[in-house]
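S.K.: Chain residues, written in single-letter form:
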Amino acid sequence: MAYIGREPQIGNYVVMDALSASATADYTLQSGSTNFIPESANHLIVSLNGVIQKPGSSFTVAGAVLSFSSALTSNDSIDFVIALGNVLDIGTPSDGVITNAKLAQDIISSETALTDAPADTDELLISDAGTLKRIDYSLIKTVNTPMFSARISSNQSVANNTATTVAFATEHYDIGSDFNNSDYKWTVPETAKYLMNIRLAFDSSAEFYSALSIVKDGTGDIYSVQMGHDEASDSITGTVIASLTATHVYYITAYQSSGGSINLIGNEQQSEFSVFKLIS
Amino acid sequence: MTSLATKIKLYAEANGISNLDFRKDVIVKDFSDGTGAKITEWNIDSLAQPTSEQLASYNSAATTEENNNAIRATRKNSYGNIGDQLDLIYKDIVAGKLDTTGEWAKKIKAIKDANPKE
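Chain order of the listed sequences is B and S. Residue numbers for the first sequence follow my numbering, so the first one is 5 and each next one is one higher. Residue numbers for the second sequence follow my numbering, so the first one is 10 and each next one is one higher.
These aren't lab readings, by the way, just hints derived from the structure by calculation. Heads up, the beta-carbon is just placed ideally off N, CA and C, and yes, glycines get one too. Treat the hints with caution; some may be incorrect.
Chain S is faced by these chain B residues, among others (derived, beta-carbon under 8 Å) [to be verified]:
#1 A117
#2 Y188
#3 G232
Here are the in silico distance ranges between beta carbons for each label pair [said to hold, decoys possible]:
#4 B:I283 with S:Q94: 39 to 45 Å
#5 S:T109 with B:E175: 38 to 44 Å
#6 S:E22 with B:S161: 23 to 29 Å
#7 S:Q63 with B:T191: 26 to 32 Å
#8 S:D34 with B:I144: 49 to 55 Å
#9 S:D96 with B:N267: 44 to 50 Å
Under the rule of at most 30 Å between Cα atoms (straight-line distance), these lysine-lysine pairs were calculated in the DSS-like manner [claimed, not checked]:
#10 B:K106 with B:K58
#11 S:K126 with S:K85
#12 B:K220 with S:K126
#13 B:K189 with S:K85
#14 B:K197 with S:K38
#15 S:K106 with S:K126
#16 S:K115 with B:K189
#17 B:K189 with B:K220
#18 S:K100 with S:K116
#19 B:K220 with S:K33
#20 S:K121 with S:K85
#21 B:K189 with S:K106
#22 S:K106 with S:K116
#23 S:K33 with S:K47
#24 B:K197 with B:K137
#25 S:K85 with S:K115
#26 S:K85 with S:K106
#27 B:K220 with S:K47
#28 S:K115 with S:K100
#29 S:K121 with S:K106
#30 S:K126 with S:K47
Extracted from the complex, chain B is given alone in its bound form (with noise of 0.2 Å):
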């Protein structure tokens, strides 16, 4: 590219410390008393005794020392030494203008890895419409918490044309504490979607109608499942992707018409409430 008037000239120009000629052919190049190693000998002037020496020939480098082709004297100056500039330092460049592709394409799998989930506080890059910013990690994690699983402790029984509240009074888990294992009542801890399931058993080999709810306090059903039961059928199951809100407070209901009461089963695998956050 042509210029107008001097060309501009980018580089890390750096004259060398002052070095005293003694009894050896090798120097060590130092800069602000720090050895120096420049790029090649061609990237060096240097005049001994007044002469400009040609590199290659009469002085070679090897990191960060000068050999001159044969020993020095006392007798002998080397009047100065100036590194070329550093190919490494190409000054700052202007606003926008490092494009991916002079990015080396190993600058992520070159590094090391994390072997754990990231901290909370760690921080990504990312493209907000098109500006760059950097955000925590705990801010795009997905977390299917809180969550909790109840089951019945012992049968209950459920009478006839009764819509009864299930007593999941035995927690599995309840990571939150959200979960109310004694009016068996769920608050939501948080405003997002739920997956909330249930399985009930009734101990019963005769045919009758039944239904289980997802009722929200004070409102009603929010989701409802009913099942004709005959002598080979006794469980009912429900599963409802919901989108809740904080502080709503959920419980379960079974039904049945029958004629009679019923119990629920309580044991481990035919009674289960459970609901875990999918995504906010």
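Here the structure of chain B is known, so what remains is to put chain S in place on it, guided by the hints.
M.R.: Only chain S this time, still in chain B's reference frame:
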């Protein structure tokens, strides 16, 4: 103990209303809090919601009703499936025994005798 719903059913029948729908007409709930079942909705305009005393008068009849319902269920299970019963009847017909001497009739009678209603 008889259910509140059974007593309500008998109360309604005594007042000319049959086929109560306990999912719509009357809602009975038991909150499993130790206080027993309650009427939470009464949607029959033509009949007043019964008092506790009125319902208590049906205690005995409700017990009989539920006991008999249990007996009906036991009998139904014992009768076996309809296909098997038809097969038995067919064999009785072929044998010329479509009366109380037939195998089907004897089986049904034995079940009824073993499970009498109150």
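S.K.: Enumerate the violated hints, using their earlier numbering and listing them in ascending order.
M.R.: Checked against the structure, the hints that fail are numbers 1, 3, 4, 5, 7, 9, 10, 12, 13, 16, 21, while the rest are satisfied.
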